[in-house]
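*Asks:* Residues per chain are reported as follows:
4 protein chains.
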Amino acid sequence: MGSTYGENIRLTIFGQSHSPAIGMTLEGIPAGEKVDFEALEAFLKRRAPGQNAYSTARKEADKPEFLCGFTENVTCGTPITAIIRNTDTRSQDYENLKTVPRPGHADYTANVKYNGYQDAAGGGHFSGRLTAPLCIAGGICKQLLMKEGIRVIARIAAIGGVKDQGELTEAVTGKDFPVMDDIQGAKMQERIAEAKADGDSVGGIIDCAVLGLPAGIGDPMFSGMENRIAKIVFGIPAVKGLEFGEGFRAAEMLGSENNDRFTVADGAVKTETNHCGGILGGITNGMPVAFAVAIKPTPSIAKPQQSVDLSTMEVTELVIKGRHDPCIVPRAVPVVEAAAAIAVYDALLARRKETGR
Amino acid sequence: MGSTYGENIRLTIFGQSHSPAIGMTLEGIPAGEKVDFEALEAFLKRRAPGQNAYSTARKEADKPEFLCGFTENVTCGTPITAIIRNTDTRSQDYENLKTVPRPGHADYTANVKYNGYQDAAGGGHFSGRLTAPLCIAGGICKQLLMKEGIRVIARIAAIGGVKDQGELTEAVTGKDFPVMDDIQGAKMQERIAEAKADGDSVGGIIDCAVLGLPAGIGDPMFSGMENRIAKIVFGIPAVKGLEFGEGFRAAEMLGSENNDRFTVADGAVKTETNHCGGILGGITNGMPVAFAVAIKPTPSIAKPQQSVDLSTMEVTELVIKGRHDPCIVPRAVPVVEAAAAIAVYDALLARRKETGR
Amino acid sequence: MGSTYGENIRLTIFGQSHSPAIGMTLEGIPAGEKVDFEALEAFLKRRAPGQNAYSTARKEADKPEFLCGFTENVTCGTPITAIIRNTDTRSQDYENLKTVPRPGHADYTANVKYNGYQDAAGGGHFSGRLTAPLCIAGGICKQLLMKEGIRVIARIAAIGGVKDQGELTEAVTGKDFPVMDDIQGAKMQERIAEAKADGDSVGGIIDCAVLGLPAGIGDPMFSGMENRIAKIVFGIPAVKGLEFGEGFRAAEMLGSENNDRFTVADGAVKTETNHCGGILGGITNGMPVAFAVAIKPTPSIAKPQQSVDLSTMEVTELVIKGRHDPCIVPRAVPVVEAAAAIAVYDALLARRKETGR
Amino acid sequence: MGSTYGENIRLTIFGQSHSPAIGMTLEGIPAGEKVDFEALEAFLKRRAPGQNAYSTARKEADKPEFLCGFTENVTCGTPITAIIRNTDTRSQDYENLKTVPRPGHADYTANVKYNGYQDAAGGGHFSGRLTAPLCIAGGICKQLLMKEGIRVIARIAAIGGVKDQGELTEAVTGKDFPVMDDIQGAKMQERIAEAKADGDSVGGIIDCAVLGLPAGIGDPMFSGMENRIAKIVFGIPAVKGLEFGEGFRAAEMLGSENNDRFTVADGAVKTETNHCGGILGGITNGMPVAFAVAIKPTPSIAKPQQSVDLSTMEVTELVIKGRHDPCIVPRAVPVVEAAAAIAVYDALLARRKETGR
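Those protein sequences? They're chains A, B, C and D, same order as listed.
Residues 1 to 357 in the working numbering are what the first sequence spells out, letter by letter.
Residues 1 to 357 in the working numbering are what the second sequence spells out, letter by letter.
Residues 1 to 357 in the working numbering are what the third sequence spells out, letter by letter.
Residues 1 to 357 in the working numbering are what the fourth sequence spells out, letter by letter.
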């Protein structure tokens with residue numbers, strides 16, 4: 001039962017890559033919130049496939065149909081459900097996967113877990129396609145956060161070892177290839193093109209920041225902002241690492257270097273640096289919440305790979321058909337933003353219980 | 001409400017550093033499980049302070065009193081509660097913290113969140129001392145896992161930039177300073193001694209592995225093994241990063257390098273490498289579950305630090321009194337093991353719903 | 001966030017009476033379970049409107065479309081979502097309800113809760129129509145229970161003061177008007193006809209029994225079988241009372257009368273009577289789980305009623321248009337069965353964590 | 001895992017009748033709330049045994065020790081834990097219960113559920129003694145509600161068929177034997193004395209009302225006020241029935257009788273009657289929330305009873321030793337108040353997420 005997230009809102013994601021539809025239900029959004037559906041579709045388009053050289057050729061509009069939760073475009077307080085029909089499916093591409101699992105994918109582990117009854121076509125419920133409903137929920141949460149002056153931004157920090165330069169700022173917003181330094185961005189795209197030409201794939205790192213979040217958001221121990229973000233971010237396929245602020249670099253620093261000095265600016269408590277990524281004791285300190293996510297290279301590659309035929313228990317060579325991204329990092333950027341927005345909005349509602357009367 | 005963890009067991013941790021007691025309640029452990037209390041105390045001792053040069057001089061037996069949940073030393077199926085009395089407290093050491101927050105600690109964020117009503121003494125509920133009840137729960141879960149042939153091991157992978165050498169194996173078990181290469185361990189201890197002499201502190205990295213876990217454990221999306229481990233591990237104070245298998249290194253690899261080839265060994269499906277850290281699609285694949293945790297340097301240091309007096313909103317210099325670890329990494333090793341054991345045992349119970357009849 | 005139920009399965013119900021669709025998502029059903037969709041539709045038909053004199057004339061096929069969760073008709077382990085399109089809606093019938101709430105309905109309370117943003121048409125999310133998705137989930141659970149020899153049956157115990165005679169047995173199954181004594185059933189139908197002719201409505205009582213449930217199901221305190229059944233049954237609109245076994249009659253009995261004597265039959269522990277309704281300490285004792293539910297008379301009646309115009313805060317007379325059941329008790333019988341099946345199946349999965357290995 | 005309650009606060013109850021201690025943890029109470037511990041102890045005393053002719057002679061102070069969650073007597077925002085030591089235990093009274101279950105108790109069902117490993121002494125976790133920690137949590141919530149003008153009151157509505165007269169009002173507060181009509185109260189006490197003299201026991205009904213609760217509290221479907229109250233109230237041992245407003249009487253009424261007419265009083269929407277018990281669609285309408293609870297006669301009676309020896313599977317006669325209440329209804333009155341206060345306070349916090357900013 002892993003397809004549900006949230007303590008104060010509750011998001012449920014359903015669907016398989018090749019089932020009639022995929023979708024999401026989002027409970028707990030207060031009544032009376034206007035949603036800009038055009039802006040939402042523009043956000044979803046950032047994740048949609050088929051738009052450029054480095055994403056899969058599978059073409060689907062990813063246009064959500066909202067089944068309930070609104071009167072016109074205003075929330076009515078009850079669960080919001082939206083679905084996306086699966087149309088451009090080619091299940092025949094996946095016929096061999098039921099018995100020969102793809103390395104790096106969930107085919108084998110799903111086979112064990114579901115005792116052979118898994119829906120293997122296109123990765124089933126484990127497909128990256130299921131990040132589309134995550135983006136519906138996240139897109140709504142982003143809009144609600146924006147009304148309170150909270151912005152979620154993200155960029156490609158690295159692809160295949162090529163690193164972006166400079167700090168993440170809102171200047172990245174609206175870019176097709178979201179990096180701060182476009183020259184580095186061009187190199188990253190070359191890196192992807194090389195891997196594609198080679199029948200291979202590359203991974204990368206995404207930086208995300210939440211700006212404008214007040215201090216005091218998050219709970220101690222297992223519902224700190226780190227825990228909340230981690231629980232949703234590791235739900236994005238291919239994420240294998242997560243760090244806040246200096247993260248793994250902090251392990252090499254002295255306390256005197258890593259501690260952020262408190263100061264006063266504009267009458268408010270601030271820190272001079274932000275090594276802690278805006279979170280102390282699981283609770284926001286008013287500085288930007290900053291984290292980085294490691295994305296592994298797309299496991300689906302054109303090169304033949306060694307696998308095992310589960311029906312015969314013999315080692316075999318697998319050639320993966322179907323259409324795949326040589327690098328999913330660019331399309332994962334809005335997904336990371338969506339995940340962050342959901343986690344932050346949920347924590348904000350938790351905070352209202354303490355402050356609202 | 002962050003002090004509770006678990007979907008199939010439910011762990012609640014309570015207490016403040018200087019309240020009469022701290023403790024934990026653990027629900028959902030099946031009846032009829034014998035617990036070896038001596039072994040449990042030996043496990044707790046690995047975390048206890050006051051044992052060597054690199055830990056705080058605060059001396060407390062950390063001996064748990066079990067209030068319920070057992071008949072003799074066998075679980076009776078209902079909630080298990082254990083408490084540890086706080087005895088060696090010196091609240092006067094913390095008198096200045098209510099208005100002058102320590103950099104790197106939760107003092108300021110707790111002040112905002114709790115509107116000035118936080119228990120500031122010793123860090124309150126945010127104190128590292130609260131990892132003692134986590135270890136009670138984790139020590140019990142470790143014993144239960146052991147009965148099913150599942151072992152949780154961990155080592156110090158790095159301190160202040162000094163790295164351990166070699167792969168993590170069970171040979172590390174029982175070592176006072178748990179590293180594979182004792183020469184590197186000696187260097188790490190020097191590094192700690194230097195920092196201490198300098199009134200400073202250092203951080204580090206802990207590697208953890210879960211051995212003997214069958215394939216098929218974990219749920220898709222937000223309750224995958226990564227999400228489960230992340231939700232509890234980020235509840236350990238000072239953890240700022242987490243990666244599974246190759247983690248951030250995977251971001252620089254090609255798909256053909258990072259994918260683990262399936263093979264057959266002893267009649268079972270295995271992978272030739274374990275870049276994925278034993279988890280695909282959130283579900284175990286039968287290889288060791290392997291992850292690394294970044295621990296920031298202890299924020300409490302002897303050096304004077306810049307902070308803000310919240311009562312006057314003026315920048316001030318803070319000198320932290322009290323007794324503190326120049327490096328908490330060694331004491332955090334059993335805590336990481338405890339966290340992993342709890343997460344894994346919870347996921348194992350989830351699995352029983354699918355397979356048991 | 002009340003539209004979700006379950007600890008070991010998770011049911012989410014979404015939709016409004018006049019939104020594009022209503023539906024449900026059911027998580028946690030193990031993979032490999034075959035569902036008989038024809039039998040499921042036959043079950044749903046028992047609840048569907050427009051079939052006889054005592055139900056609303058609103059005609060809708062209530063045919064669910066399954067969007068995911070299956071490969072063919074076998075569960076694949078991931079969330080099951082089904083929707084029902086709303087087709088025969090007449091929102092114009094409800095135009096006056098946004099400002100003049102219907103007595104006995106949720107119109108006024110929803111208006112307060114959602115600050116005027118509620119979907120008032122047809123009762124929105126509070127409509128009895130939302131019991132259709134409950135029956136989809138319940139119908140699936142009934143089939144899964146049946147495979148383990150567990151049957152859920154229910155009957156009309158009383159309508160408008162006319163009582164059924166005799167004990168509830170499986171002989172009631174398949175009856176159009178589910179009573180044990182058809183003569184009493186005919187009187188009940190007369191009672192409904194009278195109320196209808198009078199522009200009024202009547203309530204009643206439904207008896208439900210779960211047969212074949214082994215001893216040992218349920219948890220102490222707040223997750224006992226009574227609590228579990230209560231939490232879902234009070235989610236059925238119009239339910240205002242619930243009792244187990246003798247229920248309110250036990251309040252007038254002596255301990256020596258009410259206690260069920262233990263005995264041995266067929267080598268198993270049984271009780272000679274079943275005053276406790278098959279539950280002791282929240283846990284099943286192997287006798288039938290038996291409970292009764294009080295259903296209030298349909299609040300929508302043809303007679304003019306006194307209400308308040310919320311836009312002017314003046315008392316006014318309300319005439320309810322639309323099509324309504326003079327008695328919802330007959331259609332509520334399968335809904336109560338569905339609710340019981342969901343609660344019992346959820347508790348059964350909880351039990352597996354204790355017994356399965 | 002049934003010993004936890006709450007969505008926005010989280011109450012966990014732990015302990016067995018004869019374990020070293022029993023207690024509770026309450027999470028989610030906002031920081032800065034002053035608790036009057038003397039008033040709390042006075043409230044607990046209403047439930048405590050050994051005070052009069054109709055309660056058990058077991059004498060325990062039931063004085064809670066607070067382990068954490070406060071600085072002085074003000075909440076600090078983190079979990080509150082209180083324990084009560086078990087002192088006056090006589091386990092030898094219960095030696096025969098492990099193999100010969102008491103009729104009407106959880107002995108047999110606990111034996112099955114926990115596979116023989118249950119703590120049988122004094123009923124273990126199923127003992128009525130565990131309502132003491134429920135009253136600690138409920139007493140705190142009552143105080144917090146009182147600050148917002150919300151009062152929870154309850155009375156004995158009937159014992160052994162003898163009924164109280166008149167409507168429940170706050171005049172009942174402070175009475176030793178809480179009935180509106182003391183003459184009826186005297187008859188009830190006679191009824192209890194008769195049963196006691198006869199080695200028997202009697203049950204009864206408790207009425208509870210929550211006054212001053214604003215409209216708009218509660219959520220649709222499974223988290224309506226009825227569901228929330230039901231989930232906790234059925235956690236009180238011996239409760240077998242629950243009804244709201246007219247409850248089972250509504251099943252015999254016409255819609256035109258049962259519907260409460262809306263009117264305007266003091267500029268606010270009110271209803272002329274309160275047949276619905278203050279709840280429509282699961283949400284409060286601003287009238288008193290009113291419910292009644294059926295309590296079965298104490299199952300422990302002095303008369304010999306038929307049971308089964310589980311070690312031999314032979315029918316046997318059981319004589320229950322130990323000290324027991326001939327009627328638990330009087331002591332259950334504050335327990336029902338506590339349960340209602342917890343459920344209402346939890347729902348109030350949920351409401352803050354919608355209204356607070």
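Hint data in this document are derived by calculation from the structure and do not stem from the laboratory.
One should not assume that every hint holds.
Because identical chains share one entry, a pair is satisfied inside a single copy or across any pair of copies.
[As the list claims (entries may be wrong)] Below are the BS3-like pairs computed for lysine-lysine, each with C-alpha atoms no more than 30 Å apart in a straight line:
1. LYS353 with LYS175
2. LYS98 with LYS147
3. LYS63 with LYS187
4. LYS187 with LYS353
5. LYS98 with LYS270
6. LYS270 with LYS63
7. LYS353 with LYS321
8. LYS34 with LYS163
9. LYS353 with LYS147
10. LYS34 with LYS353
11. LYS45 with LYS63
12. LYS187 with LYS270
13. LYS270 with LYS321
14. LYS98 with LYS353
15. LYS270 with LYS196
16. LYS175 with LYS196
17. LYS34 with LYS98
18. LYS303 with LYS34
19. LYS63 with LYS321
20. LYS303 with LYS147
21. LYS98 with LYS163
22. LYS187 with LYS34
23. LYS303 with LYS187
24. LYS270 with LYS303
*Asks:* Hint by hint, say whether it matches the structure.
*Replies:* Hint by hint, here is what the structure shows:
{"no.": "1", "hint": "LYS353 with LYS175", "in the structure": "neither (37 Å within a copy, 35 Å between copies)"}
{"no.": "2", "hint": "LYS98 with LYS147", "in the structure": "between (47 Å within a copy, 27 Å between copies)"}
{"no.": "3", "hint": "LYS63 with LYS187", "in the structure": "neither (32 Å within a copy, 54 Å between copies)"}
{"no.": "4", "hint": "LYS187 with LYS353", "in the structure": "neither (48 Å within a copy, 47 Å between copies)"}
{"no.": "5", "hint": "LYS98 with LYS270", "in the structure": "between (55 Å within a copy, 17 Å between copies)"}
{"no.": "6", "hint": "LYS270 with LYS63", "in the structure": "neither (42 Å within a copy, 40 Å between copies)"}
{"no.": "7", "hint": "LYS353 with LYS321", "in the structure": "neither (51 Å within a copy, 35 Å between copies)"}
{"no.": "8", "hint": "LYS34 with LYS163", "in the structure": "neither (39 Å within a copy, 51 Å between copies)"}
{"no.": "9", "hint": "LYS353 with LYS147", "in the structure": "both (19 Å within a copy, 16 Å between copies)"}
{"no.": "10", "hint": "LYS34 with LYS353", "in the structure": "both (22 Å within a copy, 17 Å between copies)"}
{"no.": "11", "hint": "LYS45 with LYS63", "in the structure": "within (9 Å within a copy, 33 Å between copies)"}
{"no.": "12", "hint": "LYS187 with LYS270", "in the structure": "neither (36 Å within a copy, 37 Å between copies)"}
{"no.": "13", "hint": "LYS270 with LYS321", "in the structure": "between (53 Å within a copy, 23 Å between copies)"}
{"no.": "14", "hint": "LYS98 with LYS353", "in the structure": "between (48 Å within a copy, 24 Å between copies)"}
{"no.": "15", "hint": "LYS270 with LYS196", "in the structure": "between (45 Å within a copy, 28 Å between copies)"}
{"no.": "16", "hint": "LYS175 with LYS196", "in the structure": "within (23 Å within a copy, 47 Å between copies)"}
{"no.": "17", "hint": "LYS34 with LYS98", "in the structure": "between (44 Å within a copy, 19 Å between copies)"}
{"no.": "18", "hint": "LYS303 with LYS34", "in the structure": "neither (48 Å within a copy, 38 Å between copies)"}
{"no.": "19", "hint": "LYS63 with LYS321", "in the structure": "within (26 Å within a copy, 37 Å between copies)"}
{"no.": "20", "hint": "LYS303 with LYS147", "in the structure": "neither (47 Å within a copy, 42 Å between copies)"}
{"no.": "21", "hint": "LYS98 with LYS163", "in the structure": "neither (38 Å within a copy, 42 Å between copies)"}
{"no.": "22", "hint": "LYS187 with LYS34", "in the structure": "neither (41 Å within a copy, 52 Å between copies)"}
{"no.": "23", "hint": "LYS303 with LYS187", "in the structure": "within (23 Å within a copy, 44 Å between copies)"}
{"no.": "24", "hint": "LYS270 with LYS303", "in the structure": "between (51 Å within a copy, 21 Å between copies)"}
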